[in-house]
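**Student:** First to last, the sequence lines map onto chains A and B. For the first sequence, our numbering gives the first residue as 1, with consecutive numbering after it. For the second sequence, our numbering gives the first residue as 1, with consecutive numbering after it.
You may find that some hints are simply not true.
[Said to hold, decoys possible] No more than 30 Å apart at the CA atoms, straight line, and that leaves these computed lysine-lysine pairs for BS3-like:
1. A/Lys55 to A/Lys70
2. A/Lys73 to B/Lys57
3. A/Lys96 to B/Lys44
4. A/Lys106 to A/Lys96
5. B/Lys14 to A/Lys73
6. A/Lys73 to A/Lys96
7. A/Lys73 to A/Lys106
8. B/Lys44 to A/Lys55
9. A/Lys55 to A/Lys78
10. B/Lys9 to A/Lys70
11. A/Lys55 to A/Lys106
12. A/Lys78 to B/Lys44
13. A/Lys96 to A/Lys70
14. A/Lys106 to A/Lys78
15. A/Lys55 to A/Lys96
16. B/Lys44 to B/Lys14
17. A/Lys106 to B/Lys57
18. B/Lys57 to B/Lys9
19. A/Lys55 to A/Lys73
20. B/Lys44 to A/Lys73
21. B/Lys44 to B/Lys9
22. B/Lys44 to B/Lys57
23. B/Lys9 to A/Lys106
24. A/Lys78 to A/Lys96
25. B/Lys57 to A/Lys96
26. A/Lys70 to A/Lys106
27. B/Lys14 to B/Lys57
[Unchecked claim] Listed below are several chain B residues computed to face chain A (Cβ distance under 7 Å; list not exhaustive):
28. Tyr31
29. Met41
30. Gly42
31. Leu43
32. Val50
33. Pro61
34. Thr94
35. Gly96
36. Gly100
37. Tyr102
38. Glu103
39. Leu112
Hints listed in this document are in silico derivations from the structure and should not be mistaken for laboratory results. Quick caveat: nothing in here was measured; it's all calculated off a predicted structure. The beta carbon of each residue, even a glycine, is placed where N, CA and C say it ideally should be.
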Amino acid sequence: AQTVTQSQPEMSVQEAETVTLSCTYDTSENNYYLFWYKQPPSRQMILVIRQEAYKQQNATENRFSVNFQKAAKSFSLKISDSQLGDTAMYFCAFMKHVPGGTSYGKLTFGQGTILTVHP
Amino acid sequence: NAGVTQTPKFRILKIGQSMTLQCTQDMNHNYMYWYRQDPGMGLKLIYYSVGAGITDKGEVPNGYNVSRSTTEDFPLRLELAAPSQTSVYFCASTSGTYRGGYEQYFGPGTRLTVT
Numbered sequence: 001a002q003t004v005t006q007s008q009p010e011m012s013v014q015e016a017e018t019v020t021l022s023c024t025y026d027t028s029e030n031n032y033y034l035f036w037y038k039q040p041p042s043r044q045m046i047l048v049i050r051q052e053a054y055k056q057q058n059a060t061e062n063r064f065s066v067n068f069q070k071a072a073k074s075f076s077l078k079i080s081d082s083q084l085g086d087t088a089m090y091f092c093a094f095m096k097h098v099p100g101g102t103s104y105g106k107l108t109f110g111q112g113t114i115l116t117v118h119p
Numbered sequence: 001n002a003g004v005t006q007t008p009k010f011r012i013l014k015i016g017q018s019m020t021l022q023c024t025q026d027m028n029h030n031y032m033y034w035y036r037q038d039p040g041m042g043l044k045l046i047y048y049s050v051g052a053g054i055t056d057k058g059e060v061p062n063g064y065n066v067s068r069s070t071t072e073d074f075p076l077r078l079e080l081a082a083p084s085q086t087s088v089y090f091c092a093s094t095s096g097t098y099r100g101g102y103e104q105y106f107g108p109g110t111r112l113t114v115t
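Isolated chain A (complex conformation) (with noise of 0.2 Å):
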């Protein structure tokens, strides 16, 4: 069984700067995918962004990047510029990969890390 762990329950920022959120996760598989989810105030799930496990390059989506570190198991996300409207709890996910058949997409998720982007 995979687990995965966010170990800052709580962090915060000011406006225009650059937060990092951590997570590891625990696993035998080799193939699988790592996910960020956010969640606003409005408790909607919304995908932030994705790594496949078998990719070296770090993912990147605007103002998101993560950092990958597989030998680590490490899969950290980087906000830059931070705006008020990032201000979430934030979610690590894990989802095992069979190449050519299928995982059924089930998520691992860690428990969230609340993050408060002051003006």
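The hints should help you fit chain B onto chain A, whose structure is shown.
**Tutor:** For chain B alone, kept in the frame of chain A given last:
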């Protein structure tokens, strides 16, 4: 295109009552999921389905039942509600394909309180 819709948004149940949480998606996704989110915690998988007529248990299935008679609908049934089932329930769906990036699309959630 409404995505994933859930009803109701809020519900208060008395201990021992039963109810069904409704979930519908209009994206023709084969894969659907039910998660629960306890206060301050991450989401835990209750049940999932890989297509009409096929369902399986997730991490925390006790006290729940599901059915999947159509591609669009995936209702979650709570029998004999207990205070431990107080939570926010999310339904999600995905195409389950590489092209789709394996992204799961979530409904807005149902906040359930059992007293």
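**Student:** Run every hint past the structure and note whether it holds.
**Tutor:** Taking the hints in turn, this is what the structure says about them:
1. At roughly 10 Å between alpha-carbon atoms, A/Lys55 and A/Lys70 fall within 30 Å of each other, so this suggested pair holds.
2. As the CA atoms of A/Lys73 and B/Lys57 are separated by approximately 27 Å, the hinted pair is consistent with the 30 Å bound.
3. Distance hint between A/Lys96 and B/Lys44 is fulfilled; the C-alpha atoms sit about 16 Å from each other, no more than 30 Å.
4. Between A/Lys106 and A/Lys96, the direct Cα distance comes to roughly 7 Å. Compliance with the 30 Å bound is thereby established for this hinted pair.
5. Straight-line distance between C-alpha atoms of B/Lys14 and A/Lys73 comes to about 44 Å, which puts the hinted pair past the 30 Å bound.
6. Distance restraint check for A/Lys73 and A/Lys96: the Cα-Cα separation of roughly 14 Å lies within the 30 Å cut-off, and the hinted pair is therefore satisfied.
7. Note on A/Lys73 and A/Lys106: the hinted pairing holds, with a Cα-Cα distance of about 19 Å set against a maximum of 30 Å.
8. At roughly 27 Å between alpha-carbon atoms, B/Lys44 and A/Lys55 fall within 30 Å of each other, so this suggested pair holds.
9. For the hint linking A/Lys55 to A/Lys78, the alpha-carbon distance of about 18 Å falls within 30 Å, and the restraint holds.
10. Simply put, B/Lys9 and A/Lys70 have alpha-carbon atoms about 39 Å apart, too far for the 30 Å limit, and the pair is violated.
11. With a C-alpha separation of about 20 Å, the suggested pair A/Lys55 and A/Lys106 falls inside the 30 Å cut-off, and the hint holds.
12. As the CA atoms of A/Lys78 and B/Lys44 are separated by approximately 25 Å, the hinted pair is consistent with the 30 Å bound.
13. Under the criterion of a C-alpha separation no larger than 30 Å, the hint pairing A/Lys96 with A/Lys70 is consistent with the structure, at around 14 Å.
14. Annotation: proposed proximity of A/Lys106 to A/Lys78 holds, straight-line Cα distance about 25 Å (limit 30 Å).
15. Restraint check: the Cα-Cα separation between A/Lys55 and A/Lys96 comes to about 15 Å, which is no more than 30 Å; the hinted pair holds.
16. With a C-alpha separation of about 23 Å, the suggested pair B/Lys44 and B/Lys14 falls inside the 30 Å cut-off, and the hint holds.
17. With a C-alpha separation of about 11 Å, the suggested pairing of A/Lys106 with B/Lys57 holds against the 30 Å cut-off.
18. Of the pairs offered as hints, the one joining B/Lys57 and B/Lys9 holds, with about 24 Å between alpha carbons and a cut-off of 30 Å not exceeded.
19. Restraint check: the Cα-Cα separation between A/Lys55 and A/Lys73 comes to about 14 Å, which is no more than 30 Å; the hinted pair holds.
20. With a C-alpha separation of about 21 Å, the suggested pairing of B/Lys44 with A/Lys73 holds against the 30 Å cut-off.
21. Under the criterion of a C-alpha separation no larger than 30 Å, the hint pairing B/Lys44 with B/Lys9 is consistent with the structure, at around 19 Å.
22. Taking the CA atoms of B/Lys44 and B/Lys57, the gap is near 12 Å; set against the 30 Å cutoff, the hint holds.
23. Of the supplied pair hints, the one linking B/Lys9 and A/Lys106 holds, its CA atoms being roughly 24 Å apart against a limit of 30 Å.
24. Restraint check for A/Lys78 and A/Lys96: satisfied, since their Cα atoms lie roughly 23 Å apart, inside the 30 Å limit.
25. Taking the CA atoms of B/Lys57 and A/Lys96, the gap is near 16 Å; set against the 30 Å cutoff, the hint holds.
26. Between A/Lys70 and A/Lys106, the direct Cα distance comes to roughly 20 Å. Compliance with the 30 Å bound is thereby established for this hinted pair.
27. Of the supplied pair hints, the one linking B/Lys14 and B/Lys57 holds, its CA atoms being roughly 25 Å apart against a limit of 30 Å.
28. Against a cut-off of 7 Å between C-beta atoms, the interface hint on B/Tyr31 holds, since the closest Cβ of chain A lies about 5 Å away.
29. Satisfaction of the interface hint for B/Met41 is found here, the shortest Cβ-Cβ separation to chain A being roughly 6 Å, below the 7 Å cut-off.
30. Among the interface hints, the one on B/Gly42 holds; its C-beta lies about 4 Å from the nearest C-beta in chain A, closer than the 7 Å criterion.
31. The restraint placing B/Leu43 at the interface with chain A holds, with a minimum CB-CB distance near 5 Å, inside the 7 Å limit.
32. Because the smallest distance between the Cβ of B/Val50 and any Cβ of chain A comes to about 6 Å, under 7 Å, the interface hint for this residue holds.
33. For B/Pro61, the interface hint is violated, the least distance from its beta-carbon to any beta-carbon of chain A being 13 Å, above 7 Å.
34. Annotation: interface hint on B/Thr94 holds; nearest CB of chain A at approximately 5 Å, less than 7 Å.
35. With 7 Å as the threshold, the beta carbon of B/Gly96 comes within range of chain A, its nearest partner Cβ sitting at about 5 Å, so the hint holds.
36. Given hint, B/Gly100 at the interface with chain A, is violated; its Cβ is 10 Å from that chain's nearest Cβ, farther than 7 Å.
37. For B/Tyr102, the interface hint holds, since its Cβ comes within 7 Å of a Cβ in chain A; the closest pair sits about 6 Å apart.
38. Hint status for B/Glu103: holds, given a least beta-carbon distance of 5 Å to chain A, under 7 Å.
39. Among the interface hints, the one on B/Leu112 is violated; its C-beta lies about 13 Å from the nearest C-beta in chain A, farther than the 7 Å criterion.
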